[in-house]
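Given these sequences and hints, build the entire structure.
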Amino acid sequence: GREKERIVSEVSLLLENEEAYDKMKKVVNPYGDGKASERIATILEAYLS
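Residue numbers for the sequence shown follow my numbering, so the first one is 1 and each next one is one higher.
Take these hints with a grain of salt, some might be off.
Distance windows between CB atoms, simulated [stated by the list, open to error]: (1) Leu15 with Lys35: 23 to 33 Å; (2) Ala46 with Ile7: 39 to 49 Å; (3) Asn29 with Lys4: 16 to 26 Å.
Straight-line alpha carbon distances no greater than 25 Å define the calculated DMTMM-like cross-link-like pairs of lysine to aspartate or glutamate that follow [to be verified]: (4) Lys35 with Asp22; (5) Lys26 with Glu38; (6) Lys23 with Glu38; (7) Lys26 with Glu16; (8) Lys23 with Asp33; (9) Lys4 with Asp22; (10) Lys23 with Glu3; (11) Lys35 with Glu45; (12) Lys25 with Glu45; (13) Lys25 with Glu3; (14) Lys26 with Glu10; (15) Lys4 with Glu16; (16) Lys25 with Glu10; (17) Lys4 with Glu18.
Derived by calculation from the structure, the hints in this document are not laboratory data.
Since this is a predicted model, take the numbers as computed values, not measurements.
Using N, Cα and C, we set each Cβ at its ideal position, and we do this for glycine too.
Structure, rendered in structure tokens:
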């Protein structure tokens with residue numbers, strides 16, 4: 001984002017407010033779990049062996 005003031009405000013809130021941080025960290029990542037490359041490598045390894 002390009003809204004510097006809003007970014008600083010939100011980061012400050014997360015750093016200073018444990019309840020807000022706990023709520024934020026439970027949000028599901030819309031881009032997956034970060035393990036797609038591991039799954040692809042496993043599938044390719046099985047396919048090529």
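Cross-check of the supplied hints:
1. Leu15 with Lys35: 23 to 33 Å: 28 Å, holds
2. Ala46 with Ile7: 39 to 49 Å: 43 Å, holds
3. Asn29 with Lys4: 16 to 26 Å: 24 Å, holds
4. Lys35 with Asp22: 23 Å, holds
5. Lys26 with Glu38: At roughly 23 Å apart (the allowed maximum being 25 Å), Glu38 and Lys26 satisfy the hint.
6. Lys23 with Glu38: Not satisfied, since the Cα-Cα distance of roughly 28 Å exceeds 25 Å.
7. Lys26 with Glu16: 17 Å, holds
8. Lys23 with Asp33: Between Lys23 and Asp33 the Cα gap is close to 18 Å, so the pair holds against 25 Å.
9. Lys4 with Asp22: 23 Å, holds
10. Lys23 with Glu3: Cα-Cα ~22 Å, so holds.
11. Lys35 with Glu45: Given that 25 Å is the threshold and the Cα spacing comes to 16 Å, the pair holds.
12. Lys25 with Glu45: Roughly 33 Å between the alpha carbons, so the hint for Lys25 and Glu45 is violated.
13. Lys25 with Glu3: Given that 25 Å is the threshold and the Cα spacing comes to 22 Å, the pair holds.
14. Lys26 with Glu10: 16 Å, holds
15. Lys4 with Glu16: It holds: about 18 Å lies between the C-alpha atoms, which stays within 25 Å.
16. Lys25 with Glu10: 14 Å, holds
17. Lys4 with Glu18: 22 Å, holds
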